[in-house]
Amino acid sequence: MKIIQVSKAASAGIAAGKAFFYKPVDLKASAGLVAPGQTGAELERYRRAEERAKEKIGVLAKNSDIFQAHLDLVDDPALRDGVVRRISEKRENAELALQETAAEIRERFEKLDDDFFRERAVDIRDVCRTLMLALKGMEENSLAGIREQVVLFADQLTPSDTAGMDLRFVTGFVTRTGGENSHVAIMARSMGLPALVGVGDKIDEVAAGDSVILDALEGRLIVRPDEATAALYAGRRERYRRHLKMLRQTNGLPAETTDGCRVRLYANAGNLEDVKKAAAEGAEGIGLLRSEFLYMQSAHLPTEDEQFAAYKSAAELCGGEVVIRTLDIGGDKSLPYLPFEKEENPFLGWRAIRISLERKDLFRTQLRAILRASAFGKVRVMYPMIISVDELEAANRVLRECEEELARQGTAFDADIKAGIMVETPAAVLCADELAQRAGFFSIGTNDLTQYLLAVDRGNKKIAALYDSFHPAVVRSIRTVIEAGHRHGIPVGMCGEFAGNADAVPLLLGFGLDEFSMSAARIPEIRYLIRGSSRKEAQGLAQRACRCASAAEIRRLVEKKGK
Amino acid sequence: MVTQQVTITNPSGLHARPASQFCRFLRKFKSKVFLVTEAGKVDCASIINLLSMAIKQGTTVKLEVTGEDEEKALPEIAEFLQNLKE
Chain V
1 MKIIQVSKAA
11 SAGIAAGKAF
21 FYKPVDLKAS
31 AGLVAPGQTG
41 AELERYRRAE
51 ERAKEKIGVL
61 AKNSDIFQAH
71 LDLVDDPALR
81 DGVVRRISEK
91 RENAELALQE
101 TAAEIRERFE
111 KLDDDFFRER
121 AVDIRDVCRT
131 LMLALKGMEE
141 NSLAGIREQV
151 VLFADQLTPS
161 DTAGMDLRFV
171 TGFVTRTGGE
181 NSHVAIMARS
191 MGLPALVGVG
201 DKIDEVAAGD
211 SVILDALEGR
221 LIVRPDEATA
231 ALYAGRRERY
241 RRHLKMLRQT
251 NGLPAETTDG
261 CRVRLYANAG
271 NLEDVKKAAA
281 EGAEGIGLLR
291 SEFLYMQSAH
301 LPTEDEQFAA
311 YKSAAELCGG
321 EVVIRTLDIG
331 GDKSLPYLPF
341 EKEENPFLGW
351 RAIRISLERK
361 DLFRTQLRAI
371 LRASAFGKVR
381 VMYPMIISVD
391 ELEAANRVLR
401 ECEEELARQG
411 TAFDADIKAG
421 IMVETPAAVL
431 CADELAQRAG
441 FFSIGTNDLT
451 QYLLAVDRGN
461 KKIAALYDSF
471 HPAVVRSIRT
481 VIEAGHRHGI
491 PVGMCGEFAG
501 NADAVPLLLG
511 FGLDEFSMSA
521 ARIPEIRYLI
531 RGSSRKEAQG
541 LAQRACRCAS
551 AAEIRRLVEK
561 KGK
Chain L
564 MVTQQVTITN
574 PSGLHARPAS
584 QFCRFLRKFK
594 SKVFLVTEAG
604 KVDCASIINL
614 LSMAIKQGTT
624 VKLEVTGEDE
634 EKALPEIAEF
644 LQNLKE
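Line by line, the protein sequences are chains V and L.
Letter by letter, the first sequence follows residues 1 to 563 in the working numbering.
Letter by letter, the second sequence follows residues 564 to 649 in the working numbering.
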């Protein structure tokens, strides 16, 4: 048994399972040619890969017509002849021959006029992937086929890594890199699973298949626990579950301070599943519906009807308000049907509202869908990454045009629908007064705001430790934005991870935040803390925090209050 | 070589599963089988080539069979194509 101590956990809880290591497979071929006398051996290597691939697919083909068709694809003359020709005539190595033949075939399919035939290109890609894995002697390392509880270990987990994963049997996450606001941390919190991130080289002390206990309450990994320890942790897990249950019981009670100040507790949602879970955790509404899932899960631009159906479902599932953020995507996440030019710095580039204002066709489609959905539930529109009054006014002009269009067509929508902005850029903070006069509400996006204010990329492992929402710059900005909003009579909410941070509660209550929107799993604890706080005391503390010179000072101030 | 015109009535044309079934069906014959359309001529031994012709419902193709069992094969193959129903 080994006990590994790590630093702060990114998501609380206790998990147990077998260690499963995820490594994204690199399926690129090298560019090398084989020596003239070696082509025979290379052909033989490909032939053996074909056999291995057919074995693998054969197992799946027993129960599935799709995989039966895949099996036939491996033997297809068009594929085989192409590879063989490239190996014998051009002396390409087998991986390269496969890659190029596959690309050529896929291209032929993608050019076809019919959606259905174009999708066959996906089958080709699948089969060639299996062949490539066989050639490279690699194992498919997806979670498919896992039937026991596992703890997922990885260097990092990006949205594309986890997008297709079946996470049913995953009980927790451990990553080598990443901070509290990395993708894996946010995802773990929203799933209510424990996670340890940024553990560094300590991850190398665990071997695949090792039995592990993930203690994200104390920041500990126990590898190959002995019986006594396993029993001890089973007890701790039970006690933690009871604690969560108690928190959930206060969940039926309003989010009101001891001196009667009532705030709204909302949840952030990345898809309709999240919206469903939010209600279960006591969310009174959805403070941020990230609309990107509609664009990312589709091979084509989501149509107005498709978007309308999703937004309507969200509104109906939620029961309360749903704040829909318009498309917030950029060069880092690219879409297959929306080409992005290569940018030096996609995070400061063509993204979010900039795309919407340039591609008004996309913007209109989305706004019309949101407006139509507003007839079926309480809905708000929110524009991301706003830096100026000009942008806000331009966006609102398009919104009004869509409203007029729908009115002419006799289509129902909420004529009083509120349009607001995410405050997540330094420019928006410094122009908060002017923006508050023209926006229906603010929602502070502390994730990106912290990055832009501190000039820190939260995904950059070398300096991720500098990312800190308790930094005076961020805390003072929050105060500025809330005060500006209130001066002009609009509500101010927060949808960044900071809203779900237990230590931030006194600050946010103190500044007068109206709406806290967070990962649904955080709601019970935050409600519990709010109910135990006094607004008056929080105000005093928040003002003092704005006079602090460092994040450490602010944390000390807040923690002292908590003791 | 023997030939015959066949109209594809299958609603989804010659898509993955029927194309797969068709190719497998052809293996029992010794002859080479080609389909000729406006877009070109394709060797039916390759599902990929067959699929990339994207033959839709309503298309009339020319079936070309060449080999020692071509006389027997042609009517059987034509019937198979005409009876596709998915």
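To be clear, the hints were calculated from the coordinates, so they are not data collected in a lab.
A hint or two may mislead.
Claimed, not checked - Here's a subset of chain V near chain L, in silico, CB distances under 10 Å, partners left out: (1) D72; (2) L79; (3) R80; (4) I105; (5) K111; (6) R120; (7) L232; (8) K277; (9) A280; (10) E281; (11) N501; (12) D503; (13) Y528.
C-beta: ideal position from N, C-alpha, C; glycine also.
Going down the list of hints, with the structure as the test:
At its closest, the beta carbon of D72/V sits 5 Å from a beta carbon of chain L; the interface hint therefore holds under the 10 Å criterion. Among the interface hints, the one on L79/V holds; its C-beta lies about 6 Å from the nearest C-beta in chain L, closer than the 10 Å criterion. Interface restraint check for R80/V: the shortest CB-CB distance to chain L comes to about 9 Å, inside 10 Å, so the restraint holds. The beta carbon of I105/V is positioned within 10 Å of a beta carbon in chain L (closest approach about 6 Å), and the interface hint is therefore held.
Look at K111/V: its Cβ gets to within about 9 Å of chain L, closer than 10 Å, so that hint holds up. A least Cβ separation of about 6 Å between R120/V and chain L falls short of the 10 Å threshold, and the interface hint therefore holds. With its C-beta approaching chain L no nearer than about 55 Å, L232/V sits outside the 10 Å limit, and its interface hint is violated. Evaluation of the K277/V hint against chain L yields a violated restraint, the C-beta minimum of about 36 Å exceeding 10 Å.
Because the smallest distance between the Cβ of A280/V and any Cβ of chain L comes to about 40 Å, over 10 Å, the interface hint for this residue is violated. Checking E281/V against chain L: minimum C-beta separation of about 43 Å lies over 10 Å; hint violated. Given hint, N501/V at the interface with chain L, is violated; its Cβ is 50 Å from that chain's nearest Cβ, farther than 10 Å. With a cut of 10 Å, the hint placing D503/V at the interface with chain L is violated, because the nearest CB-to-CB distance is about 56 Å.
Given hint, Y528/V at the interface with chain L, is violated; its Cβ is 55 Å from that chain's nearest Cβ, farther than 10 Å.
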